[in-house]
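A.B. asks: Each chain, letter by letter, is given below.
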Amino acid sequence: MYYYVYDEFIQDPKFERELSLVETRLTDLGISGKIARLALFRDAKTLIQDEIKKGAKTIVAVGNDLTLTKVIEAVADSGVAVAVIPIGSPNSNRMADILGVPAGVVACDVLSARIIEEIDAGDINGHRFLHSAIIEDAVAPMIVCNGNYKLMPTKRASIEIKNLTLPEPDVRAANPTDGRLEIVIRTQGRSWIGKKKVTVSVVPVELARITSPEIMKITIDGKSIEAREFKIRVIPNQLRVITGKGRKF
Amino acid sequence: MAKQTGAETIIALGVRVEGEFISSGDVVIEGEVTGTIQTSGDLRVGTDSKIRADVVAQNATVSGEIRGNIQVSGRLDLLESARMIGDVTANVLSVSPGAQVNGKITMDGRDVEVPEDQEADSE
Chain A
14 MYYYVYDEFI QDPKFERELS LVETRLTDLG ISGKIARLAL FRDAKTLIQD
64 EIKKGAKTIV AVGNDLTLTK VIEAVADSGV AVAVIPIGSP NSNRMADILG
114 VPAGVVACDV LSARIIEEID AGDINGHRFL HSAIIEDAVA PMIVCNGNYK
164 LMPTKRASIE IKNLTLPEPD VRAANPTDGR LEIVIRTQGR SWIGKKKVTV
214 SVVPVELARI TSPEIMKITI DGKSIEAREF KIRVIPNQLR VITGKGRKF
Chain B
2 MAKQTGAETI IALGVRVEGE FISSGDVVIE GEVTGTIQTS GDLRVGTDSK
52 IRADVVAQNA TVSGEIRGNI QVSGRLDLLE SARMIGDVTA NVLSVSPGAQ
102 VNGKITMDGR DVEVPEDQEA DSE
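Heads up: the protein sequence lines correspond to chains A and B, in order.
In terms of our numbering, the first sequence is residues 14 to 262.
In terms of our numbering, the second sequence is residues 2 to 124.
Simulated from the structure, these hints should not be mistaken for lab results.
Keep in mind that this is a model prediction, so the values were computed, not measured.
Computed cross-link-like contacts, DSSO-like style, restricted to lysine-lysine with a CA-CA straight-line distance of at most 27 Å:
| id | chain 1 | residue 1 | chain 2 | residue 2 |
| --- | --- | --- | --- | --- |
| 1 | A | Lys209 | B | Lys51 |
| 2 | A | Lys168 | A | Lys209 |
| 3 | A | Lys236 | A | Lys261 |
| 4 | A | Lys47 | A | Lys70 |
| 5 | A | Lys230 | A | Lys58 |
| 6 | A | Lys47 | A | Lys67 |
| 7 | A | Lys70 | A | Lys58 |
| 8 | B | Lys51 | A | Lys208 |
| 9 | A | Lys230 | A | Lys163 |
| 10 | A | Lys210 | B | Lys51 |
| 11 | B | Lys51 | A | Lys168 |
| 12 | A | Lys163 | B | Lys51 |
Please model the entire structure based on the sequences and the hints provided.
C.D. replies: The following block contains the structure:
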């Protein structure tokens with residue numbers, strides 16, 4: 014049984030035609046199901062968890078990365094499959110791209126093919142994530158890794174925790190099936206000719222704790238929280254995600 | 002911007018590590034480490050790095066400073082700017098001109114054997 018979670022933004026008239034095509038294609042493929050429309054005061058987590066209790070086996074986020082994040086948070090340890098039908102700009106659908114799910118109506122065929130991959134989830138202070146989390150400007154942070162050693166940037170640093178990301182010029186892709194998260198620390202210094210120079214440290218971890226004397230803001234798959242301490246862990250093979258043939262991990 | 006090295010773990014300049022640093026892949030260290038370093042992969046210690054730790058690795062290339070014992074089961078390359086203060090154990094050792102080694106060197110765990118005729122000559 015499929016349960017479709019429509020994000021609030023796709024109820025905008027400019028997505029009406031695309032949505033209509035998606036619904037027609039889902040009916041043709043015989044995988045249409047119940048629809049929930051998110052709104053300002055409708056809690057996605059409660060809606061989805063109620064539907065899982067009623068027997069939903071696949072929860073489909075219809076929207077963007079933020080929609081998928083809401084679904085992942087709600088699904089937690091239930092074991093149901095998660096999928097996405099990306100709607101909107103490619104920049105807001107990075108996760109779907111990595112999962113190999115094309116935007117719009119073509120995604121329905123990926124959904125129908127049901128290629129399910131078990132992938133790791135990240136957890137920061139109880140918030141689940143699929144892609145990454147970032148602290149843009151951490152002052153004197155201390156990162157205790159796997160309970161064995163401490164990492165201490167000697168300058169202001171940005172700290173990123175990656176689970177499922179594409180390669181960057183200075184950092185390799187994060188693999189969501191390796192049972193680890195990648196901590197990426199970027200510090201800024203100056204070269205001997207005074208030019209700005211960013212140094213990049215990369216450390217794979219299963220467990221980490223980031224603390225700072227000042228309150229830090231972390232953005233977890235687009236959602237921000239603030240705290241002085243972040244407890245981070247990987248939950249191996251926790252999510253069952255429907256992927257396309259073009260997946261990038 | 003730094004380029005990808007292919008190493009699994011990178012400790013760049015501007016980051017200090019304290020404690021038991023254990024890895025199962027290749028490690029590049031450009032920053033500071035205090036404690037112990039242990040990897041079943043290869044280790045590269047950069048020019049500006051300062052390590053105060055006992056080190057165990059499969060192979061290692063050192064350009065920076067290590068204060069502590071290093072044990073390498075394969076090949077150890079001490080490059081020109083390397084400064085080693087501690088005992089070295091390696092199967093294959095390469096020391097570039099300019100590299101400093103202050104410590105005992107043990108290779109393959111065997112004593113150095115002097116050929117018999119050479120012993121006779123010296124008598």
